[in-house]
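Hints are included, so try docking the two chains, each in its own frame, into the full complex.
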Amino acid sequence: AQTVTQSQPEMSVQEAETVTLSCTYDTSESDYYLFWYKQPPSRQMILVIRQEAYKQQNATENRFSVNFQKAAKSFSLKISDSQLGDAAMYFCAYFGGSQGNLIFGKGTKLSVKP
Amino acid sequence: EPEVTQTPSHQVTQMGQEVILRCVPISNHLYFYWYRQILGQKVEFLVSFYNNEISEKSEIFDDQFSVERPDGSNFTLKIRSTKLEDSAMYFCASIGSTYEQYFGPGTRLTVT
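Residue numbers (our numbering), protein chains in the order written: chain A, 2 to 115; chain B, 781 to 892.
Isolated chain B, as found in the complex (with noise of 0.2 Å):
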């Protein structure tokens, strides 16, 4: 069964460093999304991004935050210069024709 993958797994970065978080989609999916969850609480939307830009993005997806789709699987969350209070674990997720939304593993980022 195709799955969303996710790498690293974890990663450890300090103050002010730059990260980038990969993800491969579905591969017939369209719609493509981040979510972020901080330890304890609900799962918030960042990004959503369709036929390669950006479709919506929430009050969290500031100017430290990009995402792109560098080739035909990847999908990418980079944050230029990361915060103690990024500290949480990201999904990727996509979507399928049934409005389903399939989610890797996760990401789980911890700023020092």
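This is chain A alone, in the form it adopts within the complex (with noise of 0.2 Å):
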């Protein structure tokens, strides 16, 4: 079965900094879907930015991109510039071919210092 995995339940970043979230997860599949999902204190899930395991090139959003590392199964989240509104949990997750729904991680909530 597919596993995500986010090892650093809490970071915390001063403003304007960058800030580097990890995400691990395993699977068996070829081709599959990474997303990074934002959840502010209002708990509305917002997707920050997407990943197609079948491209190499990084995926990038504005201040957001991603390090993705195939053979690693690792996908990192990078915030640049950091804002105050960055502040909420971000999770990460899976969705494969034969899986039909998203896999999560159990979040990393993320502090931004004024």
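Heads up, some of the hints might be wrong.
Claimed, not checked - Mimicking DSS-like on lysine-lysine, the simulated pairs with C-alpha atoms at most 25 Å apart in a straight line are:
1) B:K822 to A:K74
2) A:K110 to B:K837
3) B:K822 to A:K79
4) A:K79 to B:K863
5) B:K837 to A:K107
6) A:K107 to B:K863
7) B:K822 to B:K858
8) A:K74 to A:K114
9) B:K822 to A:K71
Hints listed in this document are in silico derivations from the structure and should not be mistaken for laboratory results.
Written out as structure tokens, the structure is:
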């Protein structure tokens, strides 16, 4: 069965600095998708970024980028120029071809210090 | 921009009562999902729905739960006899052609 592991329960970053959130996963499939979701205190799940496993190029969305290492089954999220509004829970999620639903990690709580 | 909507935003019910949580997925999406998040824990899959039937379900989705698409827009989750441990945030999601799952704002269910 596929699993997603986020080893950092909490992280902290200074405003305007860069922070990297870690995620590893386990799968025997070759074709799948990986996502990072942001959950602010409102508890809404907001899609931050996605990565297709067949693409070697790392996805970027403005200040958010990923480091996707397929062989290592690693999918980290880098947030550049951190802003106060980035403070939230961040969930890494896996979606595979044979697995019709998202599998989530336990999340990392990010605090941003002014 | 199209979005998934859910009602109510907060539901308080007594143990043993039936509740129906409602969702309107994005109109051209074909797969719909219900997830649950107990406070402070990770998001867990409940059930997926495609072509008017359940596609997959988790161990959590027992006989107390049911889903329905009563018309062309609504997608509902029914809990027949609520238990205290059903207290959680319930998210509806629908999936587009690029496999991105778009989540609704959630319904906070409190069972007393």
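For a quick check of understanding: which of the numbered hints are violated here, in increasing order?
As far as the earlier hints go, 2, 4, 8 are violated by this structure, in ascending order.
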